[in-house]
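Asker: Below are the chains, spelled out letter by letter.
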Amino acid sequence: MIVLLAEFTRPEALMRAARQAQDAGDKVLDAFTPFPIAGMAELLGARSTRLRAVMFAGGIAIALGAFATEYFSAMLDYPINSGGRPLNSWPAFMMFPFAIGIFAAAVSGFIALMAETGLPRLHHPLFAVEGFERASQSRFLLAIAVLHSETGTADAEKRLRNAGALSVREAEP
Amino acid sequence: MSSLALDRVETPSQDTRRWVLENGQSDEAVNRIVSAPLLQRHKWTWRTWWIAFAVSGAMTVMMIVSASWLLIRGVGVWGNNTTVVWGFGIANYVWWIGIGNAGTLISSMLLLMRQHWRASINRFAEAMTLFAASIAGLFPILHLGRPLYFYWLTPYPNTMLLWPQWRSALIWDFWAILSYLLFSIVFWYVGLIPDLATLRDRARSALPRKIYGAFALGWRGSARHWHFYEVYHKAMAALAVPLVVSLHSVVGLDFAASLMPGWAETIFPPYFVVGAMYSGFAMVVVLAALVRWGFRMQPIITVNHFDVMAKVMLMASIVMGLSYATEWFDAWYGGDHAERSMLTFMFSGSYSPIYFIMLFCNVLAPQAFWLAAARRSVAAVFVIAVIINVGMWLERLLIILNTLSHTHLPSMRHLFFPTIWDWTLLFGSLGFFAFMFLIFVRLVPSVSMHEVRHILHEGERP
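Order-wise, the sequence lines are chains X and F. Counted from 1, the first sequence has number 126 at position 126 by this note's numbering; the numbering is strictly sequential. Counted from 1, the second sequence has number 435 at position 435 by this note's numbering; the numbering is strictly sequential.
Careful: at least some of the hints might be erroneous.
[As the list claims (entries may be wrong)] Okay, the calculated beta carbon distance ranges per label pair: (1) X:Ala38 - F:Arg204: 30 to 38 Å; (2) X:Met114 - F:Thr344: 54 to 62 Å; (3) X:Tyr71 - F:Tyr333: 37 to 45 Å; (4) X:Met114 - F:Tyr333: 50 to 58 Å; (5) F:Arg296 - X:Gly25: 46 to 54 Å; (6) F:Arg296 - X:Gly152: 19 to 27 Å; (7) F:Asp330 - X:Gly84: 26 to 34 Å; (8) F:Ala238 - X:Met114: 14 to 22 Å; (9) F:Leu364 - X:Tyr71: 46 to 54 Å; (10) X:Pro91 - F:Leu371: 45 to 53 Å; (11) F:Asn23 - X:Ala38: 24 to 32 Å; (12) F:Met315 - X:Gly25: 55 to 63 Å; (13) F:Ala373 - X:Gly65: 49 to 57 Å.
[Unchecked claim] Quick partial rundown of chain F residues pointing at chain X, CB under 7 Å, derived from the structure: (14) Ser68; (15) Trp69; (16) Trp172; (17) Thr198; (18) Ala223; (19) Leu243.
No lab work stands behind these hints, which were simulated from the structure alone. Source: prediction; values computed, not measured. Built from N, CA and C at the ideal position, the CB exists for glycine as well.
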C-alpha cells in the first residue's frame, strides 16, 4: 500500500479530489485542513461519536454526588432545624449540583475528546513530511491510500494533479 | 419581481466574508495579521505596550498594597459601617463578575445563533472573562471579616464536624463562580488548540515552537479530529449558556433572597443577567478598539463589528431602562411603605445625583446608537462603551448603598463615604485586569485564526 499526500489551495478542490479518489477505488485516509471542512468527516465515514453521551454521564454523576453530599450533611450527619424549614430543602440545594455538574460535563467531554482523537501526541510521522506545517495555516492536505500496483499510483497522482493539487508526495503508511 | 429579489439574495459566502476587509481575505493574511504580534515582534516598537505595562504593573502593586493593608487592619479601613456593611467590595464584585459573565456568554450564545462575526472577538472576550471573573472572586473573600476562613464554604471533613449551609445564597455563589471560572478556562483553551498549532508551525525559533507545540497537544488538523472538536465545542457552548445565566442569577439572588427594600424583587436575577451582558459587551468593545488599534487588526476587527456590537448595547440599554422602570413601578404599585420610601430616597436622597448620572450613562447615552453615524464611528462607540462601564459600576454601587443606607429602622440610617483604600482597591483591580490582558495579547493570539479562516470559506461548496 502506498500513501499519497496531495496539497490543495482550496477546500473545494480537496473535496472534489477526495470524491474522485473514492470513485476510482482508492481509499481516502484523512484530510488535514486549517479549519473543519463541511462534509469531509462524512466522506471519511467518521463514526458517530459518543462524546456528548460521555459529557452527559459525567455531568450527571458529579451532580448526583454533589446532591448526595448535601443530603448526607443536611439529613443524616448534621440535621439542624433552621426556622422550621424541611431538612431536605432540595430546591435550595440545586445550585451546587447544577454548577458543578456542568463543569464536570465539560471536563468529561475534554477527556473524551482526547481519547477519541488520540491527543496529546506531540510526535507523529506526518510532521516529518515536507510542507505538512502548512496544513494548520493555509493549505488543505488529502491523504489517500493507493491499493493497487505501480500504474495505480501514477494514475492516482495524475488524478490528484488534475483536481488541482499543487504537489503530491509519498508518505509513510 | 424575480430579478430584483434574486439580486438581493446574497450567497452565504459573500455574507460571511463581509466581516473581513479585502486585505484580510485570505487564510495567509489572517494568519499573518494575528500571529505578527507574537512571532514578529520587531514589527512593533512596543513602546505603548511597555508604558501601559508599567502603569498597570504599578496599579497592580497598588492593589496588592491596598489588599494587604485590608488584611492587616480589617474591613474597618474601608468606608463600610455598621449600617452599610456592603460597600465598594461587593459593588466591585458584582461589576467584575458581570464583565466576567459576558465573554463566555457572548461567545457561546453567538456561536449557537450562528453569528459569524463572533470569530473576530470571541478570543479576547473569553480572555476578558477569565481575568474579570478571577478578580471578581477576590472581592467576596477580601470583604469577609475573617478572610482566612473562606474555605469554610467548601464541604470538607473538619474537626468542628460542621457543614456549609446549603440554603445560603452565598454558598450557591461560591459554587457558581468556581464552576464558571473553571468551565471558562476549559472552553477558552479548547478554542485555542488549533491556533496554537498554527503558531507552532509558523514559529521560526525553537523555544516558541516547543512551547506552542506542547500546548497545541500535537494538533494536526485531521478531518476526524475536527469532527470531534466541533461536536465538543458546540456542546460546550450549549452548556455555557445556562451556566452563565445561572451564575449572574445567583448574584442577583444574593440580594433578592433578603427582605430589604429595593432588594427583595423577583426581577433581580434576569435584571442582573442583562446588566452583566450589557457591561460585558461594553468592555468587549473597549478591548476590541484597543486590540484593533494596537495590533493593526483593522482588516479583521472591522467597523461592521462595532456597528453590530453597538446595536446589541442599544438593545441592552433599553432592557435596562425597562428594568429600572419596572423597579419604580413595583415599588409604587406594591404600596409597601418601606419600598415607596426607598423609591423617594433614590430620586431625592443624598445619593440621587449619582443615580441621575447612572441613568444618563446606562439609559440615555447609548440612545446615540440609533444613529448609524455613531455606530460606525469607532471613537464614538468606544467613548459610549466607557460611559456604560462607568454607569454599570455606579448601578452596582447604588443597589448596595441605596438599600443599606435606607433600611427599615430610621435611627439606623447612615450614609457611606469611601476611604482611600476603597478607591485604591477599585483602581488597583482595574490595573491588575489591564496587566493580565497585556500579558495575554503578547503570548496568545488575540483573535481566533481558525474561526476567521472558516468564515472566509463559509458557504463554499464543491
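Asker: Does each hint hold? Answer for all of them.
Answerer: Evaluation of the provided hints:
| no. | hint | in the structure |
| --- | --- | --- |
| 1 | X:Ala38 - F:Arg204: 30 to 38 Å | 33 Å, holds |
| 2 | X:Met114 - F:Thr344: 54 to 62 Å | 60 Å, holds |
| 3 | X:Tyr71 - F:Tyr333: 37 to 45 Å | 41 Å, holds |
| 4 | X:Met114 - F:Tyr333: 50 to 58 Å | 56 Å, holds |
| 5 | F:Arg296 - X:Gly25: 46 to 54 Å | 50 Å, holds |
| 6 | F:Arg296 - X:Gly152: 19 to 27 Å | 50 Å, violated |
| 7 | F:Asp330 - X:Gly84: 26 to 34 Å | 29 Å, holds |
| 8 | F:Ala238 - X:Met114: 14 to 22 Å | 20 Å, holds |
| 9 | F:Leu364 - X:Tyr71: 46 to 54 Å | 50 Å, holds |
| 10 | X:Pro91 - F:Leu371: 45 to 53 Å | 47 Å, holds |
| 11 | F:Asn23 - X:Ala38: 24 to 32 Å | 26 Å, holds |
| 12 | F:Met315 - X:Gly25: 55 to 63 Å | 56 Å, holds |
| 13 | F:Ala373 - X:Gly65: 49 to 57 Å | 56 Å, holds |
| 14 | Ser68 | 31 Å, violated |
| 15 | Trp69 | 33 Å, violated |
| 16 | Trp172 | 4 Å, holds |
| 17 | Thr198 | 5 Å, holds |
| 18 | Ala223 | 4 Å, holds |
| 19 | Leu243 | 5 Å, holds |
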